[in-house]
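Undergrad: So the sequence shown is numbered by the numbering used here: it starts at 2 and just counts up by one.
No lab work stands behind these hints, which were simulated from the structure alone. A hint or two may mislead.
Said to hold, decoys possible - In the DSS-like style, the derived pairs of lysine-lysine whose C-alpha atoms are separated by at most 30 Å in a straight line are:
| # | residue 1 | residue 2 |
| --- | --- | --- |
| 1 | K204 | K194 |
| 2 | K288 | K183 |
| 3 | K518 | K573 |
| 4 | K234 | K294 |
| 5 | K336 | K490 |
| 6 | K502 | K59 |
| 7 | K450 | K290 |
| 8 | K611 | K630 |
| 9 | K518 | K583 |
| 10 | K202 | K700 |
| 11 | K119 | K59 |
| 12 | K204 | K59 |
| 13 | K630 | K660 |
| 14 | K450 | K58 |
| 15 | K254 | K446 |
| 16 | K518 | K581 |
| 17 | K336 | K611 |
| 18 | K607 | K518 |
| 19 | K204 | K294 |
| 20 | K294 | K174 |
| 21 | K490 | K395 |
| 22 | K40 | K611 |
| 23 | K147 | K272 |
| 24 | K683 | K288 |
| 25 | K40 | K68 |
| 26 | K315 | K518 |
| 27 | K174 | K110 |
| 28 | K204 | K691 |
| 29 | K182 | K288 |
| 30 | K182 | K290 |
| 31 | K450 | K521 |
| 32 | K315 | K119 |
| 33 | K561 | K532 |
| 34 | K288 | K467 |
Computed from a predicted model, the values in this text were never measured in an experiment.
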Amino acid sequence: MTAIQFIQNTLPVSEKSIAATLQLLADDCTIPFISRYRKDATGNLDETQIEQIDLRKKQFDEVIKRKESIIGAIEMQGQMTDDLQKKISESFNLTELEDLYLPFKKKRKTKADAAREKGLEPLARIIMSQNARDIENIALKYVGDKVETTAEALLGARDIMAEWINENAYVRKNLRRMFQKKAVITAKVVKAKAEDENAQKFKQYFDWQEQLNRIPSHRLLAILRAESEGFIKTSVDIDLEEAIEFIENALIKSKNECTSHIKTAIRDSYKRLLEPALSNETLQEAKAKADEKAIHIFSENLSQLLLAPPLGEKRILAIDPGFRSGCKVVCLDEKGDLLHNENIYPHAPQNETGMAMKKIRSMVNAYHIEAISIGNGTASRETEFFIKKIAFDKPIQVFVVSEAGASVYSASKIARDEFPTYDVTVRGAVSIGRRLADPLAELVKIDAKSIGVGQYQHDVDQSKLKNELDSTVMKSVNAVGINLNTASKSLLSYVSGIGEKMAENIIAFRAENGAFKNRKDLKKVPRLGEKAYQQAAAFVRITHGENPLDNSAVHPEAYKTVEKMAKSLNIKTHELVANKEKIALLKAEDFTTNEIGILGIQDILKELEKPGLDPRKAAKVFEFDPTIKKISDLKTGLILPGIVNNITAFGCFVDLGIKESGLVHISQLKEGFVSDVNEVVKLHQHVQVKVTEIDEQRKRIQLSMIL
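The whole structure should be built from the sequences, with the hints applied where relevant.
TA: Pasting the structure below:
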């Protein structure tokens, strides 16, 4: 089987598309570049499909590598047979390969090994052949210096048979299927921990049983977390007698004196070897699927957060609210640079409301502030009310933004490098302001796991989580494009083909030589070669540069094609850009080449109509219900405005403008069945919800979007 055939077994993609994609990946092309600028080669595959091809190719390589290792190990033992070689060669399933290798795998000394050392393997073979009679008399021949009795001889023989049964690939394969279809996970409370305060959040799992292949991902992860914290014990089982019956039917071919010994060995093998191994394997498979689901949700949420509507280049006053320690206030210019910072104390215990109002008014006027950004942490609602009482000389938009990750950023090396002379409170407030202006540019500076828009993020496979989130950030950055002359190192490092080290080189080159005037100047950056330029050039923008196409998603390799388009209309290139009437006169098929096909030309024409268009929507002010300030203000039946601030597999959480977010269970998102929460709501979506249940003691709010 070839890599292409392996991929085609699981992906409905043509052989030609897979081959082209694999070649592009082998040529060190990035996924954003391939999906955007090589559509004609791949057959218009999107980023997700390309990612899947890349993943399947890595899986294929892993299988081939493991095969070679297994074959080499068995050959070194001198035990390779033609039949075994054929089975290994034909298998492309890692689990199946491990089953084939199991009898030859080096392992710590077992009961079977001890029995073999006593010379009991021939006796095991005689019994397993199921042809012998008078087993007691045969066993007597093996009594000697190492074996004292026939009972000991037969026990040793059964230990060897139990190991053979455990290593039987057919038995393992079919038992595995039984576990996958019928396994039940059972959870029981650890009695000594039942009254522990921290255990109460897992109380529903103190006596729980559910079929493993039907358990929702979030529930399995919750159960496993409860177990890891020592509050419950879990087991994964199938019906014992059904499993034993299957093995007996598979291995026992006749009924005689051997049968009882084989049955005993089967039961021992299952309980001691097969069941523990397959139970753990099945649980790990279920955990991997739950991880995949949770990581996907985290990735979806992160993407929506990164692509949240930006306010744009505005002068912003940002406030990190607080009570006793006051509110930290910073003023930022259009580029997000810090102009001024100070503290105000409008709330208890100081209650310097009048003085705080004067200071805010003074800063708004002095620094020509156009919008105010308030963090959504402690004292957020009170600070918002305070700000809205101020009579400004001009209309000022007031936004409440998520503080998630701001404290992580403020203590990071990135923040220290940006603001070496300021403390964490100033850096945190700056982040709150910048994430209003451009959420993407600010949030890429923060470890994605610290943003907190997922479920059980610390319980899933951390390597897979990091890879998925890094991929999500890269896709988001390249979907938007970045300003080459203002982008931070963090933002540049996610551009296709750049990376962290090259981003440092670009920043250093920019600092020494001034702003880039055109994309071609990227080639002057030390160590930025032709390949990196090809991958990166179209994802960076240069505003007010020498070439208007440098502020668009048109790739430099297509500039001559655009010039040809303009020439066909007897106009200059800059006259064609954003000129819908002229662009409408062009026919895509007239400009295809061997390098750029019809799909590429169609993309160029779309881009020329709206060059550099930001795919994100504009930020909008949101108004919470002013009468709701704390959970005790809520009443069942109230219909309130809210903002979706987290999405999970079982529903979404909605910010009502108070400390506690409310949960809209998946069953309450809309009338009818909902399989995916993201099909109904998106992060930061403005919604109307009805309060259905309030638990003040546990600080839980149940909501419904079915009004």
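Undergrad: All the hints need checking, so say for each whether the structure fits it.
TA: How the hints compare with the structure:
For the hint pairing K204 with K194, the CA-to-CA distance comes to about 11 Å; that is within 30 Å, so the pair holds. About 16 Å separates the Cα atoms of K288 and K183, which keeps this hinted pair within 30 Å; it holds. Restraint check for K518 and K573: the C-alpha separation of about 20 Å stays at or below 30 Å, so the hint holds. For the given pair, K234 sits about 24 Å from K294 by alpha-carbon distance, which is consistent with the 30 Å threshold.
Between the alpha carbons of K336 and K490 the distance comes to roughly 15 Å, so the proposed pair stays at or under 30 Å and holds. With a C-alpha separation of about 26 Å, the suggested pair K502 and K59 falls inside the 30 Å cut-off, and the hint holds. Distance hint between K450 and K290 is fulfilled; the C-alpha atoms sit about 19 Å from each other, no more than 30 Å. Only pairs whose Cα atoms come within 30 Å are accepted, and K611 paired with K630 is rejected, the gap being roughly 44 Å.
Only pairs whose Cα atoms come within 30 Å are accepted, and K518 paired with K583 is accepted, the gap being roughly 27 Å. The suggested pairing of K202 with K700 holds, with an alpha-carbon distance near 12 Å, which does not exceed 30 Å. The straight-line distance between the Cα atoms of K119 and K59 is roughly 46 Å, outside the 30 Å bound, and the hint therefore fails. The hinted pair formed by K204 and K59 fails the criterion: a straight-line CA distance of about 41 Å is larger than 30 Å.
Pair hint K630 plus K660 holds up; C-alpha atoms about 9 Å apart against a cutoff of 30 Å. For the given pair, K450 sits about 27 Å from K58 by alpha-carbon distance, which is consistent with the 30 Å threshold. Under the criterion of a C-alpha separation no larger than 30 Å, the hint pairing K254 with K446 is inconsistent with the structure, at around 66 Å. Simply put, K518 and K581 have alpha-carbon atoms about 26 Å apart, close enough for the 30 Å limit, and the pair holds.
As the CA atoms of K336 and K611 are separated by approximately 24 Å, the hinted pair is consistent with the 30 Å bound. Proximity of K607 to K518 is assessed by CA-CA distance (about 25 Å); at most 30 Å being required, the pair is judged to hold. For the given pair, K204 sits about 24 Å from K294 by alpha-carbon distance, which is consistent with the 30 Å threshold. Among the hinted pairs, K294 with K174 is consistent with the structure: their alpha-carbon atoms are about 26 Å apart, no more than 30 Å.
Taking the CA atoms of K490 and K395, the gap is about 36 Å. The hint is violated against a cut of 30 Å. For a cut-off of 30 Å, the pair hint linking K40 to K611 stands: about 20 Å separates their Cα positions. Straight-line distance between C-alpha atoms of K147 and K272 comes to about 27 Å, which keeps the hinted pair within the 30 Å bound. The suggested pairing of K683 with K288 holds, with an alpha-carbon distance near 26 Å, which does not exceed 30 Å.
With a CA separation close to 35 Å, the supplied pair K40 and K68 exceeds the 30 Å bound. For the suggested pair K315 and K518, the alpha carbons sit about 24 Å apart, so the restraint of at most 30 Å is met. Between K174 and K110, the direct Cα distance comes to roughly 25 Å. Compliance with the 30 Å bound is thereby established for this hinted pair. Of the pairs offered as hints, the one joining K204 and K691 holds, with about 27 Å between alpha carbons and a cut-off of 30 Å not exceeded.
This hinted pair checks out: K182 and K288 have alpha carbons roughly 15 Å apart, not beyond 30 Å. Restraint check for K182 and K290: the C-alpha separation of about 15 Å stays at or below 30 Å, so the hint holds. Between the alpha carbons of K450 and K521 the distance comes to roughly 36 Å, so the proposed pair goes past 30 Å and is violated. The straight-line distance between the Cα atoms of K315 and K119 is roughly 84 Å, outside the 30 Å bound, and the hint therefore fails.
A C-alpha spacing of about 19 Å is found between K561 and K532, which places the hinted pair at or below 30 Å, so the restraint holds. Restraint check for K288 and K467: satisfied, since their Cα atoms lie roughly 17 Å apart, inside the 30 Å limit.
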